[in-house]
Structure formats: structure tokens, C-alpha cells
Amino acid sequence: GTLALMILRTLEVLGPLHGYGVMRRIEETSGNRLILNYGTLYPALVKLEQEGYLSTEWRPSENNRRAKFYALTAAGRKQLARETRDWYETADLIAAFLAPRREAP
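Residue numbers in the sequence shown follow our numbering, run continuously in steps of one, and reach 105 at the last position.
The set of hints was computed from the structure by calculation and includes no laboratory data. The beta-carbon is built from N, C-alpha and C at its ideal position, and this holds for glycine as well. Careful, some of the hints might be misleading.
The calculated DMTMM-like cross-link candidates involving lysine to aspartate or glutamate, where the alpha carbons are at most 25 Å apart (straight line), are [said to hold, decoys possible]:
#1 Lys78 x Glu49
#2 Lys78 x Glu57
#3 Lys78 x Glu51
Label-pair restraints from in silico Cβ distances [what the hints assert, rightly or not]:
#4 Ala91 x Gly31: 13 to 21 Å
#5 Glu12 x Arg33: 19 to 27 Å
#6 Ala91 x Asn64: 36 to 44 Å
Could you build all of it, start to finish, from the sequences and the hints given here?
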């Protein structure tokens, strides 16, 4: 859930990226508080591709090596909107539980 949201949002903002680029951007955005490994990232990318939320294309990377680039599909944009909405609803719910208690009148 959360990793998928971060991947979809990263690709929405930056456009097509190879897996290493997605991983680095997520780490940078988190201020390096979140460190991903390939065993976590790539299964999530494959799952999002299989669900139709990402398309892929092999092409040269910045260092001219062949890399698989991931891009958001129309279905991926809709899924990102759903997951974003769900995230905010969940955050609001948790915030209500963490808010200071008010005494009943």
C-alpha cells in the first residue's frame, strides 16, 4: 500500500524512471529516513505493472546502460488518486485517536 503510493506518486511527478531512479527518489524525498532495497522495490514494481498501473520500456539510462523504465498508465493515475484519498482518510482517522482528549460537558 504505502510503497505503491510512493512509487506511483514519484512517477507522476518525475515521469518515466528506471527502478534505481525510483528507489533513489523515494529515499531522497524521505530525507534518507527510508532506505529501500531491491528485494522490496522490484516486486512492488512488478506487481504494479501486472495490475496495469505501470507500463515498461527498455531503453538506455543516463550512463548508456540498458534499463527498464517504468511509466504511469491512465489506470495508474486513477489508482494514485484512490490511494491518495484513502491515505488522507486513514491519516485523519488516526489523528482523531491521537488528538488530546476533551472532557465531556
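Status of each hint after checking the structure:
{"no.": "1", "hint": "Lys78 x Glu49", "in the structure": "holds, 14 Å"}
{"no.": "2", "hint": "Lys78 x Glu57", "in the structure": "holds, 21 Å"}
{"no.": "3", "hint": "Lys78 x Glu51", "in the structure": "holds, 12 Å"}
{"no.": "4", "hint": "Ala91 x Gly31: 13 to 21 Å", "in the structure": "holds, 19 Å"}
{"no.": "5", "hint": "Glu12 x Arg33: 19 to 27 Å", "in the structure": "holds, 21 Å"}
{"no.": "6", "hint": "Ala91 x Asn64: 36 to 44 Å", "in the structure": "holds, 42 Å"}
In summary, this structure violates none of the numbered hints.
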